[in-house]
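Each residue of the sequence shown is one higher than the one before, starting from 2 at the first, in my numbering.
Careful: at least some of the hints might be erroneous.
Okay, derived cross-link-like pairs now, SDA-like style, lysine to any residue, Cα gap no bigger than 25 Å in a straight line [claimed, not checked]: (1) K252 to L468; (2) K252 to G313; (3) K252 to A401; (4) K252 to R342; (5) K252 to G202.
Have a look at the derived ranges for each label pair, beta carbon to beta carbon [to be verified]: (6) P509 to P470: 50 to 60 Å; (7) S489 to L564: 17 to 27 Å; (8) V116 to R298: 43 to 53 Å; (9) L151 to L371: 48 to 58 Å; (10) G123 to Y159: 52 to 62 Å.
Everything labelled a hint here was simulated from the structure, so no lab data went into it.
Heads up, the beta-carbon is just placed ideally off N, CA and C, and yes, glycines get one too.
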Amino acid sequence: MGARRIERRFSTALFVTAVLLAVSGGVFLLFHDRAFSGVVLPLALCFSSDGVVEIATRENLGGIQRHVAFLLVLLGAATALYRALWWWGISPLREAVSAPVLLAPPGRREGVALVVLLLAGGALRLHGIDRSPYYDEAITEVFFVDAPTLWETVSRTYVFTNHQGYSVLARWSRAAFGEGNWSLRLPAFVLGLLGLYVLWGFVRERLSPQVAAVALAIAALFPVHVEWSKEARGYTGVFLLSVLSCRLFLKILQQPSLARALLLSAVNALAGFFHLYAVYLPLSQAIVLLLLAVRARGWAWAALPEAALSRGAFRVLGLAFPLSALLLLAGVWPTLPEYMRSMEATAGRTPHLTLPLHLVEALCGYPPLLLIPFLLALVVCGVRTMSGTHLGPLLLVMCALPFPAILLLRPRDAYPRFFAYAFPIFLMIMAIGAVRVWAEPRRRWALRAPLLLLAGATFLSWGRESLSPGVSEGFKDAARGMRADAPSDTACCALGHCAQVLAAYAGPGTRVLSYEEELLDLRCAHPEVRCVFRTAYPSGVPVPRVAGVRPILPLEDWMRRILSEADEVRRYGNVSVCILRSFPAGPE
């Protein structure tokens, strides 16, 4: 009786929420001037970052109020649809709980293999952890990790640069261990190792110790995860939380529990706090739950042989997904307008047609081209092996669903790392395929010999890639080197792309220049002027011109002119320091 009362109250709450959201959207649309100026604008000014204050001006109120109204109506429609699906899915289900599957604890050999693989993975991830930060890391460090207050750390963002969850951990790491590139990246390293261990435990629980060992070996040497583990970014956190989320989701299907559902909500929301695109994690789980409900009604096209869905599991998961959305919305609320503005700015652009190829390369660990068909064949074998199990639909939906959505939201700025939550699933499928090929009873040695040869070549390629120097730019070294031996009367300045980051690294007194006249004034007032600026991206592509800045010459031409006039040029990776002592000749 108590469970049925919970269902009725939850359904009523969904209905009331849908009506309130739809009515609020209509009110905002009809009475936008008074509604927006009296409610939304004060909230934006009080509870948001500088980015929100910048866009919440009278010049573009019309666009913002339409966005608010559209968002409220859309949320109301989504809530109404969710309520309809809730009753449609739960009505034919019965209260039933599957018996838990008990797995023997790992033996000595399995424990030794676990420790060896974790130590090897840790050693690879420590290599180069103290290198100079690249662009995204530098912005994270200067504007978010080293922000004056914790509130500014979580409430500011620039496009998608601030992974709030990681920035908070890096801030605490800095407070505990002091300045240093390694302390900035320490949370990524720890989260990376935890991700390896949790992946091993999840695969062992759901499949077998053999598949778990292979999955751990693949993930420990996987160069993409190795690089994420020594970057001041939130991708290892998304990797770890994705595995935890899948584990909780499947556990709830077998043994429904309100405590597990609440924990699943927190894990899904925290994954989105590390990177906003992790919202596809609970969305994919909701779609799998819907497929299981379809199967419970006897629709053959969605037949899932092992997927017995109980009423209790549907009830607690139906509670968990809206709670995940509310928690995530509360966490990213201060930065939500900046995210919306970024996605709106890129929505109409032509997508990168090569993104699927780059994604395949990343999922395979950037091996030589000849090894990619071998790895994809293992994945296909793994998918076929898992097609009739609990994991099959979840794995396929998680890997396939987000791709078109990400292309639509940010077509020109989509990167393979945005799919970080799907990488553990992909590696697990690859491990399943490898074990399946190895255990093939027919033509055993005809399959095992090529498998060993190709797997050895893959691991060798991955190890070499993991030990490569990685992405590094000279932001910090150049900015601090500019002041290292400068006389007291020297003027130091930064200009061009990343000028604010370079000025922050250089320290107080470093001016950020936007116009050539400012540089001429400095050269008139000081016997020596030192300029630091980024001259190229890591790939060697020149820095583009910055829109909205009005120098006398285009930015790139201005940099070339400074380089040609400099008495001395010091290069630190992609960043140059120009020392100007003699005043340039005037115009003829």
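To see whether the hints hold, each was checked on the structure:
1. K252 to L468: violated, 37 Å
2. K252 to G313: Satisfied, since the Cα-Cα distance of roughly 12 Å is no more than 25 Å.
3. K252 to A401: Answer holds: K252 to A401 is near 23 Å, not above 25 Å.
4. K252 to R342: violated, 38 Å
5. K252 to G202: holds, 13 Å
6. P509 to P470: 50 to 60 Å: violated, 32 Å
7. S489 to L564: 17 to 27 Å: holds, 26 Å
8. V116 to R298: 43 to 53 Å: At 48 Å between Cβs, range holds.
9. L151 to L371: 48 to 58 Å: holds, 49 Å
10. G123 to Y159: 52 to 62 Å: Violated, at about 32 Å.
In this structure, the earlier hints numbered 1, 4, 6 and 10 are contradicted, and the remaining ones agree with it.
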